[in-house]
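Visitor: So the chains spell out like this:
There are 2 protein chains.
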Amino acid sequence: MFKLIKQEGHARRGEYATPHGVVQTPVFMNVGTQAAIKGGLSGVDLKAIGCQVELSNTYHLHVRPTDTLVRDMGGLHAFMRWDGPILTDSGGFQIFSLSSLRKIKEEGVYFNSHVDGRHIFMGPEESMRIQANLGSDIAMAFDECVGIPAERSYAEASCARTARWLVRCKEALEKYTSEEDAVNPGQVLWGINQGAVFHDLRIEHMKRIAELELPGYAIGGLAVGESHQEMYDTIEAVEEHMPKDRPRYLMGVGTPGNIIEAVARGVDFFDCVMPARNGRHGHLYTWDGIINIKNEKYARDEQPIDPACGCHVCRRYSRAYLRHLFKAEEILALRFSVMHNLYFYNSLMSRMRQALEDGDFADFRRRYAEKLDKRI
Amino acid sequence: MFKLIKQEGHARRGEYATPHGVVQTPVFMNVGTQAAIKGGLSGVDLKAIGCQVELSNTYHLHVRPTDTLVRDMGGLHAFMRWDGPILTDSGGFQIFSLSSLRKIKEEGVYFNSHVDGRHIFMGPEESMRIQANLGSDIAMAFDECVGIPAERSYAEASCARTARWLVRCKEALEKYTSEEDAVNPGQVLWGINQGAVFHDLRIEHMKRIAELELPGYAIGGLAVGESHQEMYDTIEAVEEHMPKDRPRYLMGVGTPGNIIEAVARGVDFFDCVMPARNGRHGHLYTWDGIINIKNEKYARDEQPIDPACGCHVCRRYSRAYLRHLFKAEEILALRFSVMHNLYFYNSLMSRMRQALEDGDFADFRRRYAEKLDKRI
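Here the protein sequences line up with chains A and B, keeping their order. In terms of my numbering, the numbers along the first sequence are unbroken and rise by one, the last being 871. In terms of my numbering, the numbers along the second sequence are unbroken and rise by one, the last being 871.
Certain hints may be false.
Pairs of lysine to aspartate or glutamate residues, derived as DMTMM-like cross-links and limited to a Cα-Cα distance of at most 25 Å, are as follows [claimed, not checked]:
{"no.": "1", "chain 1": "B", "residue 1": "Lys702", "chain 2": "B", "residue 2": "Glu731"}
{"no.": "2", "chain 1": "A", "residue 1": "Lys869", "chain 2": "A", "residue 2": "Glu721"}
{"no.": "3", "chain 1": "A", "residue 1": "Lys670", "chain 2": "A", "residue 2": "Glu620"}
{"no.": "4", "chain 1": "B", "residue 1": "Lys822", "chain 2": "A", "residue 2": "Asp567"}
{"no.": "5", "chain 1": "A", "residue 1": "Lys822", "chain 2": "A", "residue 2": "Glu791"}
{"no.": "6", "chain 1": "B", "residue 1": "Lys822", "chain 2": "A", "residue 2": "Asp611"}
{"no.": "7", "chain 1": "A", "residue 1": "Lys869", "chain 2": "A", "residue 2": "Glu797"}
{"no.": "8", "chain 1": "A", "residue 1": "Lys542", "chain 2": "B", "residue 2": "Glu797"}
{"no.": "9", "chain 1": "A", "residue 1": "Lys822", "chain 2": "B", "residue 2": "Glu621"}
{"no.": "10", "chain 1": "B", "residue 1": "Lys822", "chain 2": "A", "residue 2": "Asp578"}
{"no.": "11", "chain 1": "B", "residue 1": "Lys822", "chain 2": "A", "residue 2": "Glu621"}
{"no.": "12", "chain 1": "A", "residue 1": "Lys822", "chain 2": "B", "residue 2": "Glu824"}
{"no.": "13", "chain 1": "A", "residue 1": "Lys789", "chain 2": "B", "residue 2": "Asp567"}
{"no.": "14", "chain 1": "B", "residue 1": "Lys739", "chain 2": "B", "residue 2": "Asp853"}
{"no.": "15", "chain 1": "A", "residue 1": "Lys739", "chain 2": "A", "residue 2": "Asp855"}
{"no.": "16", "chain 1": "A", "residue 1": "Lys792", "chain 2": "B", "residue 2": "Asp611"}
{"no.": "17", "chain 1": "B", "residue 1": "Lys792", "chain 2": "A", "residue 2": "Asp611"}
{"no.": "18", "chain 1": "A", "residue 1": "Lys792", "chain 2": "B", "residue 2": "Asp567"}
{"no.": "19", "chain 1": "B", "residue 1": "Lys822", "chain 2": "A", "residue 2": "Glu824"}
{"no.": "20", "chain 1": "B", "residue 1": "Lys542", "chain 2": "A", "residue 2": "Glu824"}
{"no.": "21", "chain 1": "A", "residue 1": "Lys822", "chain 2": "B", "residue 2": "Asp578"}
{"no.": "22", "chain 1": "A", "residue 1": "Lys822", "chain 2": "B", "residue 2": "Asp611"}
Part of the chain A face toward chain B, derived, beta carbon under 10 Å [what the hints assert, rightly or not]:
{"no.": "23", "residue": "Ile532"}
{"no.": "24", "residue": "Gly534"}
{"no.": "25", "residue": "Ala573"}
{"no.": "26", "residue": "Ala815"}
{"no.": "27", "residue": "Glu825"}
Rough simulated footprint, nothing fancy, chain B against chain A, three-plus residues with beta-carbon under 8 Å [what the hints assert, rightly or not]:
{"no.": "28", "segment": "574-587"}
{"no.": "29", "segment": "818-824"}
Worth flagging that the hints you see were computed from the coordinates, not collected in a lab. Predicted, not measured: the structure shown is a model, and the values here were computed from it. Cβ atoms here follow ideal geometry from the backbone N, Cα and C, with glycine treated the same way.
Extracted from the complex, chain A is given alone in its bound form:
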């Protein structure tokens, strides 16, 4: 399902087919955790900002409105009116970051909901059942995301368990998608590599999960406390052992610079809440670096956020107006900022794809990898 179109060093220009359309890679997935994009963006807005893949969250949707409700409403695509590809995170990361009183056992995890405290059990089969109910195009494996720094012995045991869980995930999803009333019979499972920053653990785990010949593999458990260099080194170490004919997804990363560096190291898929979160704080991306729109110097600035940007906001509104909306605490400030920042991330990917096609990626990387992360 993954077609490698061109390569420059480790960087890859590819295409990945899903039941809801073909994704051009490298790609940034736009995060709609609870079946809605932060800042008041709708499915229609997603098209306008150049989104290719929407990402929703198994844990959040299981808790509210529940995956059985979403299933009864025709699945996530119908529920939120987004007809493009959807990837669902497995819930693993959220269980480890949001829930309280969790107990990890071989069968899965016992924890309390962060919303109402009720007891929930989730294991590989439950996560797959939920994702099958949601009907995403790509379901992610149920894994344990080990924080960094991590004890080597703990990381090792966790990796082994995550690998065992993956076998169960595969069996479960195959079963659920072949049911007669499956929401999305074409839904596939991607595996997730773990191992903290222990390269040998990462590699061993990667080799083991590659044997399952899944249609895609993610690198999980990064951007959770390690330095950028540690992250890049870990990607380099594990990338060699990832199947070349399958897409690679670096979960939860990152700044524009991080993404450029990861593309340079062979990654194809990304997601991150950063552009939306930064937007809500008035930190806006431009091709010259990051501006803080609340800054006094923009009070009478008639230019758009970024004159080089073609988004809805930059084509119509001034920095002065956007700054006013922030100062006046209008919701429109959030909407415009998130819209611009997500458009910027999607454009960043589109420009990288173009650079790869043109054989100019090294130049693009030199020009932008540091610049885009700087506050100006």
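Could you slot chain B onto chain A? The hints should help.
Guide: Showing chain B alone in chain A's frame:
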């Protein structure tokens, strides 16, 4: 500038020309107090929801971002990118409802800003200067809005002062709009009738301000504590004395039923924060009455908010999805609700205009005046 097209009883179907286009009346003006519509709606969205006139606020914009800034940015139309007609409230109502430590003198009002507490003086000339800087199409007179219940003696003195202020408003706005660098040379002044619920005061005041032959007149100081019947009676009493060839604007009113009843009594222009505020609380208008979308019974309801509604939200999304957005506290819930409710109000006006053209207004009123205000 006002053309009366058709009448049915006291109800009027008309047209009012402004420098930014012709307004079909009766009309509901969509409130963007701080140069932005609550719920994250933009100028582009205003077109989509059928808005004819946008209403912004002199007091709020004077405080933040300041009217001189808006003027430097080319006026309100350019600043917020809305090229249709704009009416600006004079600031009078907000001074009396929001500010603290206000002192009313013949020259104007001394008060403290509700944002940063700084001392501000606003009189008729200041209000006109600000509105000229904003460059709205219709500037409202600077008046005192007397609360209800009111002492007769106080209401009488206040009415007299408001009438004296109106003469100064007229002179000031004529001066400012004839300046060479006027933002909107075609800006006009509308007078505001006051007098609480004392019919004789209302009538006397109306007669007095009618002598100034302004292009429009508002009924102010209602919907501030009196009963609906008192409001209707006051409109009936004063309406007879309002010029027939000028539009009438009932400020800050009201429910769909209130608006239908006021149209029946000869009113042409309306504005109210109610549809946006109700939307934010999940109270949504339908042609069968008001629903509370947070209600459990909508959890799996695949219907749109109102199957009879043609708004962006009703054409695409289910009640189940909207309820989920509210429960998950997503900003998109506010956006969709405000969008729907404002579209509903604009449609209500459009259907009344059609009924008036068809000579069916009495029937429309019978059918909807009570029904639309009921919670179902």
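Visitor: For every hint, state whether the structure bears it out.
Guide: Cross-check of the supplied hints:
1. B:Lys702 / B:Glu731: Holds. B:Lys702 to B:Glu731 sits at ~15 Å (cutoff 25 Å).
2. A:Lys869 / A:Glu721: 20 Å, holds
3. A:Lys670 / A:Glu620: 10 Å, holds
4. B:Lys822 / A:Asp567: Holds - the C-alpha atoms of A:Asp567 and B:Lys822 are around 18 Å apart, at most 25 Å.
5. A:Lys822 / A:Glu791: 10 Å, holds
6. B:Lys822 / A:Asp611: Given that 25 Å is the threshold and the Cα spacing comes to 12 Å, the pair holds.
7. A:Lys869 / A:Glu797: 23 Å, holds
8. A:Lys542 / B:Glu797: Answer holds: A:Lys542 to B:Glu797 is near 23 Å, not above 25 Å.
9. A:Lys822 / B:Glu621: Distance ~23 Å between A:Lys822 and B:Glu621 Cα, so the pair holds.
10. B:Lys822 / A:Asp578: Holds: B:Lys822 and A:Asp578 sit about 23 Å apart, inside 25 Å.
11. B:Lys822 / A:Glu621: 23 Å, holds
12. A:Lys822 / B:Glu824: Satisfied, since the Cα-Cα distance of roughly 22 Å is no more than 25 Å.
13. A:Lys789 / B:Asp567: Roughly 19 Å between the alpha carbons, so the hint for A:Lys789 and B:Asp567 holds.
14. B:Lys739 / B:Asp853: Answer holds: B:Lys739 to B:Asp853 is near 21 Å, not above 25 Å.
15. A:Lys739 / A:Asp855: Given that 25 Å is the threshold and the Cα spacing comes to 21 Å, the pair holds.
16. A:Lys792 / B:Asp611: 20 Å, holds
17. B:Lys792 / A:Asp611: Cα-Cα ~20 Å, so holds.
18. A:Lys792 / B:Asp567: Answer holds: A:Lys792 to B:Asp567 is near 15 Å, not above 25 Å.
19. B:Lys822 / A:Glu824: 22 Å, holds
20. B:Lys542 / A:Glu824: Between B:Lys542 and A:Glu824 the Cα gap is close to 23 Å, so the pair holds against 25 Å.
21. A:Lys822 / B:Asp578: 23 Å, holds
22. A:Lys822 / B:Asp611: 12 Å, holds
23. Ile532: Since chain B brings a Cβ to about 7 Å from A:Ile532, closer than 10 Å, the hint holds.
24. Gly534: 6 Å, holds
25. Ala573: Where the cut-off is 10 Å and the nearest Cβ of chain B is about 9 Å from A:Ala573, the hint holds.
26. Ala815: 5 Å, holds
27. Glu825: The hint holds - A:Glu825 has a Cβ within 10 Å of chain B, the shortest such distance being about 4 Å.
28. 574-587: holds (count 3)
29. 818-824: As far as the segment 818-824 of chain A goes, the hint holds, because 5 residues have Cβ atoms under 8 Å from chain B.
Checked against the numbered hints given earlier, this structure breaks none of them.
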